[in-house]
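Assembling the complex is the task here: the two chains are given apart, and the hints tell you how they should meet.
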Amino acid sequence: MSVAWVGSQPVSLMDAIQNAAKLLASSRCPVFTLDTDVHGTRSAIALAERLGGAYDHALGETLANEVSLFTDHGGMFTTPGEARRRSSLIVLVGDIPASHHDMLVTWASTQPDLGDRQQRSWFHINDSATNSADASKLGRKLKAVSLGAEGLTLGGALAVLRAQLQERQVTSSLSNIDRLRKALTKSQFPVFVFSGASGEAASLVMLQGLIADLNRKGRASSVFLPADDDAWGTALTSLWMTGFPPRTGFSNSLPSYDPVRWDIQRMIRDKEADLHVWMSTRGGKTPPRGGRIALISLSKDEGPTAGAAVSISVGKAGVDHDGVSYSSRVGTFRAVAASAPSLLPSLSSIVQQLAEALPGRRALPC
Amino acid sequence: MLTRLVGGEVVDPVNGGTRQRDVWMRDGVLIDAPEGEAAEQTHDVSGCIVMAGAIDIHSHIGGGNVNTARLLLPEHHAAHQPRPANTPLSNAGWSTFQTGTLYAQMGFTTVVEPAMAPYTALHTHLELADIPIIDKATLAILGNDDFTLSLLRNGKSSAMLDDYIAWVVGSTRALGVKVINAGAAAAFKENVRSFSLDDVVPEYGVSSRKIVKSLQASVSRLGIPHPLHVHANNLGIAGSADTAADTIAATEGVPLHLAHLQFYGYGTEGKRKFSSEAARLAELVNANPDVTIDIGQVMFGQTVTISSDVLRQFTAIGNANPKKTVIMDGDGNGGGGIVPYRYKQDYYGSLQWAVGLELFLLITDPWRVFFTTDHPNGAPFTSYPELFELLMSSSARDAKSAELNATALELTTLASVRREYNFEEIAIMTRAAPAKLLGLKDRGHLGAGAIADVAVYRKGKDIAKMFREAALVFKNGDLVVKNGKVTHYRWGKTLRLNPPPDKAMVKRMKDYHEERYGLSLDWFTFPDSAIQRDAPFAEVSCNN
Chain A
1 MSVAWVGSQP
11 VSLMDAIQNA
21 AKLLASSRCP
31 VFTLDTDVHG
41 TRSAIALAER
51 LGGAYDHALG
61 ETLANEVSLF
71 TDHGGMFTTP
81 GEARRRSSLI
91 VLVGDIPASH
101 HDMLVTWAST
111 QPDLGDRQQR
121 SWFHINDSAT
131 NSADASKLGR
141 KLKAVSLGAE
151 GLTLGGALAV
161 LRAQLQERQV
171 TSSLSNIDRL
181 RKALTKSQFP
191 VFVFSGASGE
201 AASLVMLQGL
211 IADLNRKGRA
221 SSVFLPADDD
231 AWGTALTSLW
241 MTGFPPRTGF
251 SNSLPSYDPV
261 RWDIQRMIRD
271 KEADLHVWMS
281 TRGGKTPPRG
291 GRIALISLSK
301 DEGPTAGAAV
311 SISVGKAGVD
321 HDGVSYSSRV
331 GTFRAVAASA
341 PSLLPSLSSI
351 VQQLAEALPG
361 RRALPC
Chain B
1 MLTRLVGGEV
11 VDPVNGGTRQ
21 RDVWMRDGVL
31 IDAPEGEAAE
41 QTHDVSGCIV
51 MAGAIDIHSH
61 IGGGNVNTAR
71 LLLPEHHAAH
81 QPRPANTPLS
91 NAGWSTFQTG
101 TLYAQMGFTT
111 VVEPAMAPYT
121 ALHTHLELAD
131 IPIIDKATLA
141 ILGNDDFTLS
151 LLRNGKSSAM
161 LDDYIAWVVG
171 STRALGVKVI
181 NAGAAAAFKE
191 NVRSFSLDDV
201 VPEYGVSSRK
211 IVKSLQASVS
221 RLGIPHPLHV
231 HANNLGIAGS
241 ADTAADTIAA
251 TEGVPLHLAH
261 LQFYGYGTEG
271 KRKFSSEAAR
281 LAELVNANPD
291 VTIDIGQVMF
301 GQTVTISSDV
311 LRQFTAIGNA
321 NPKKTVIMDG
331 DGNGGGGIVP
341 YRYKQDYYGS
351 LQWAVGLELF
361 LLITDPWRVF
371 FTTDHPNGAP
381 FTSYPELFEL
391 LMSSSARDAK
401 SAELNATALE
411 LTTLASVRRE
421 YNFEEIAIMT
431 RAAPAKLLGL
441 KDRGHLGAGA
451 IADVAVYRKG
461 KDIAKMFREA
471 ALVFKNGDLV
481 VKNGKVTHYR
491 WGKTLRLNPP
501 PDKAMVKRMK
511 DYHEERYGLS
521 LDWFTFPDSA
531 IQRDAPFAEV
541 SCNN
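Heads up: the sequence lines are chains A and B, in that order.
Be aware that the first sequence starts at 1, since it is given in full-length UniProt numbering, and climbs by one per residue.
Be aware that the second sequence starts at 1, since it is given in full-length UniProt numbering, and climbs by one per residue.
If you're looking for bench data, these hints aren't it; they were derived computationally from the structure.
In this text the structure is predicted, and so the values were computed from the model without any measurement.
In this text, a Cβ means the ideal position worked out from N, Cα and C, and glycines have one as well.
There could be a bad hint or two in this list.
Pairwise CB distance ranges (calculated) [claimed, not checked]:
no., chain 1, residue 1, chain 2, residue 2, range
1, B, K485, A, S109, 53 to 63 Å
2, A, E61, B, G47, 33 to 43 Å
3, A, S12, B, G36, 49 to 59 Å
4, B, T364, A, D213, 32 to 42 Å
For reference, chain B alone in the conformation it holds in the complex (with noise of 0.2 Å):
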């Protein structure tokens, strides 16, 4: 099938910035314009920006702690509004039929769940492989599991620890290796009730810091596209900024990406103690080139937080709204905590929505700087359009802010930050930037040669509609969604590595999991036709 999108203004900073010019598709893949051939299916999209497909890279749509979640909360669905009728499965909640549905709607084709726990990925690639439509990719959590911090406790080569990752990641069906709060959920377990970047893990004699800077550096040996992706120590504290900056300057010529910095751009300034530290982390690192960050905005209303940071959501426990919540010490690397939390248009709440925009609008370069509300925690993904909303427009920030507390408003540097974020930032933010973040040389640009994913929108000056609700949707050529509606399913694929695994370490694992758990090693693996999908899974390639 040859497809023409004709008259669009075409938003591609990868391939030349913004553009009117044609789009141009065949089987599943963009082609420059074909000479002498007429396409077989044309759309009129005059008056439409096109953009490639925009990546989520952080949302957490699938996994044990997202379905415990749905678990917990059966009354909660209903948060995660506009539901669209007649579409399967259509009220249910963020149900994997409704993720896939719901992001498509918006133009998104590629979306990550950024924590899956190696023990539990069977559960996770079953979920995301139930979610329609779009690509999924995960990223493997380290750092709190006996074995990690038993190689670093016992000086083993960094070799050791390389195969140790790389079994992981490949056995897994990761993209990439995560790290929450490190040793923190082991520390816990010991009955330590706060952990920060220099603080030891009990029993292992390593710090935090320790573990960070050495997963950090075996995956870049690896060559792991994305940098080593961290969830900070001390979330959502008054005084947290003092440990995301210090995790900053850690980094020290290494690519790092820091997770949700929103939850970190806490000071203990002012009458609450609660205060933003957003300009200083923006200084930080706009100063640093290293650190790459996502914002995790904060969006108003009721939400659930779902956390493998268990320690942290212990200590969550008391703002419960509703009051149930569930923790979990799992395995290794798994666990965490689901507490429901209603974001209210109060100090504390409207601080936190500040801190996140003047993140956004403070730090100055789109290609490190991403799109976000570390769903559900800051918000639900359905919220993005309001989002795209306040950065693009002034006016609609200045809005919603004489609605909130004006002494938190105060407090910030939000009002006198006048920056609008244009199209071509937003197609930068969402689409470029994150496909180079995470090593997808596929996608993210419309250039020839790239798959076909494409998102088309109606220019209006409602920004938030526009987003809400595409023209046109098409994934790997399929047109999907039309007028902001699902027209047709398709089931998309898992991106992962596929490090070659190293004999040795196999062996080792075995014995390991016989020996501590008196169980084979087949009871936490799997093999591919487990998902029971077609390949269910594509390849990316590491750097070296």
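Excised from the complex, chain A in its bound form (with noise of 0.2 Å):
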């Protein structure tokens, strides 16, 4: 079986390495698309850092609003397990990504054996307009109460929450609001369940305000539940490289953060960058089109990218090989062994051998 082409033609890895690299080294402004575990991501932001480009997470645009939580405001949060065994009252923020469901349904079978230890109970709040068909089916499981907001976005429903809650004068109302303002009362631990995936940075902002406001005589606090683990884990190892999380770019060999300028979609679609290497263990995924430059693939496909000038196919950590990976189920990385082993190279792995190509055929530090 092939792992590797130019054009359409199957080639020897070494071959494709080759070819792969000489793109790399003529390429006056390289842009990276990340998707992979943590050793992908350290290999690959050392090569763009090696090159002088800029790198983004492919689900760049939803991880910019998670991290804007944090670099504009943050908040307090806790860990999903303190969240299981600690509080009795969990109120779901818009929608919470289908990854995260089965985690919240098996909470439902289980009651706090921390704090009040009462048995748990569940609100949703939500935007009626987008609520999505998996949202309320999570609802329908947990039984959650719905604090309903009949015309109002997202933030408007966290704006009047939370000046109910203040006994402030609102024009609107959210159904419900005296049995959360009970359960609030009972529950010693209430903690918000929200995404990435739940809204604008400004209603996460306005639900970290209520949450502080709840704080100033009690205690409560949040779960963050990413909208996608390998994008938060990207933006985690990135920090502790960079000090910067992404959309981060090496001009002037130096590493500057700004979500605008290193969005690598907008600098392909602008025609910004010569060159696109798409980095993508998650498979099925395919680069974003329209800005014709000539693209490098290293993804988990078993067949050439289309339009990619040179494909190399790798396994996904914790499928084909060992690896690290975040986990939202725990809040922090995790080793994950191969489900599946094979031998399909690992991303990080081919980075090395593309380093190693390049003139001056330094390893590199990852």
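Written as structure tokens, this is what we have:
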């Protein structure tokens, strides 16, 4: 089985590496789209640094929204484990991605063993206009009481909730607010569960304002469930490597963070880049089109990527090989063992080979 | 490779004090002068001071909270001056790359991250593994988790507590144990807003004192070389000197390390009810040989406070500058707070600065006082050179004092203390003593058999410049810094203890995690291979 192609022609891995290295060496402004585990991200960022390129995650827009909650505001958070063990009142905020539903459902079958130890109650506040079928299904499974917010955005609903809990006058009201108020009185550690997909950054900041209000006299916190675990893992890895989250570039060899300037999809669209390196171990994902710039694809696909000058198949951490991934189940990184070990090379090993094939033949620090 | 440093003034308190002698190293290890052999590489270090590589025992350089601080403050990195050019990732503030680079340039070759939450150990070690050049180590945090508190509440045997602590230390690859405001993080989750040494954790009925004493005794029984590393209660508040005094008095013959004592040096005297109690604390430390301390010196400017003392950080939200914070109620011993802060040359800042210096200068035994700024809490570690100058020059202190709030300084003893640290005391405080405290027999001195971690400083009138830009630094015999610039990158190791796990405790932990978290223990542990570096860890022996 071939794992490397130049255009649509199968070639040896060495040939593909050499061809890709030539493209990298001649590029003025290479850009890197990442979608991989910790070690793939480490090597990719190190390569971007060496080449003076810029990098972003494949889910860059969503990730930038999540990052902005922290860079602009911060907040009060807890872990999924602590929420499961301690919280008898959980309020879902907005849409929670389907990847987290199983975890929430398992919480529903348990009772807190720390804190007030009451049976757990669930509420769900959402913007009815954008409430997805998945979110509604989750709410039904958890028997969550809906905090109705007809005609309001999620941010608006949260603002109304915040005002109502402070006994301020509001022109709109949320249904079931009295039930929530009563539940808050009984609960010692209410937790609001939200995702980067829950809403705009302003809504998330409003939620944090609400939690700050509750903490003036009592305790409350929030669980942040990233829209995508691998994307959040990439953000954390980028932070320790460069000091910055993604949408970082290495112009003048020094890292700089700029969520507009280093938006890779924008750079491709606006023809600011001349080479796109697509690194996706997710499988079945395709790089964005539109820029007509040269493309190197390192992805978990069985064939060449359409339009790519060079394609190399790589494995996924936790499936094809061991690795380390972020897991929102524990709120940190965990070692993942290969569930279906294969001969597909890891992304980091391919990036290392690319670096060593570049003029100067230096190994990457990762 | 046989290397010789010739002509330098060697400051090596462990092996005979200061004298002019050659230093020889071969294959990464220091050796006695070989007979009849010529060095393959000779460095003339005439006019230079030669010391072992420095060791920092308390600097927050990696792990979840440090990374969250980076996330919270992308605009903040410029505060970490100076920024060297032409090094990889060199303007990235306190990225892992820059952390190793900047430490090495100052002649530091081993740094301890003192606050690793057990459940985030893998994250911490991933970060530490990406810090180039230097060796690292971590202390595992205990004392706020349900398992420890339940053992104490239920009167379980000390052997069981020992087994648990040994399991935590071993599975997290830690070099020791730290307790942070013992019991307060657990109490904060129950809406407790202040917590002192004899306060009791709700639900568990266990006092902070009981937690500290139990952990202290267990660390001692297990033969963990580094005494329990204690972040005491009531950090940073007026009157915290009483808490520190109580904690010092509680040692009762068992060693204990009290972290960042400067933040506990505050009394309630004066118009502002905020005064220096440094002289009193220094006297207590001088009188108690069981106690070692590090300072947590405050320097002026922008920084960010990072602490797993979530209760203290929550109460500091109002002082955040800029106005954004992260407060995290983590699992067990995890979590904490990230609160950016700017130390100003006002009354409070001046008093804090003076309290730290008073402690440095009034504690007489350099073997028991350690050089830290509690990076980045008191100041970034990049301010160390200026701090060395303040310790070694009373005129430098006078000059700086003249810029500060006179009312605050009048309430301290600083102006009357004329002590100046000499090179030998500096070498004890930053090399020999930390190695001894951590149980690292292979470093902190320049005797034969030690690893070849060597820092060479060009002697000059400008003390800060001397320590900011080491003339030469060798790490394990590799020349990594020349004239204050990193010339060679390499990867250090993370130093760890590896006590054998008790099988019954492993089974118990498996059951505990499955029952309480609904997840197997595999989710919380990891193999060394997860770090993806060659031999990322080096083992240090326990005392028994």
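Status of each hint after checking the structure:
1. B:K485 <-> A:S109: 53 to 63 Å: 59 Å, holds
2. A:E61 <-> B:G47: 33 to 43 Å: The hint (33 to 43 Å, Cβ to Cβ) is violated, given that E61 (chain A) and G47 (chain B) are roughly 58 Å apart.
3. A:S12 <-> B:G36: 49 to 59 Å: Roughly 54 Å apart at Cβ, these two residues keep to the hinted range, so it holds.
4. B:T364 <-> A:D213: 32 to 42 Å: 51 Å, violated
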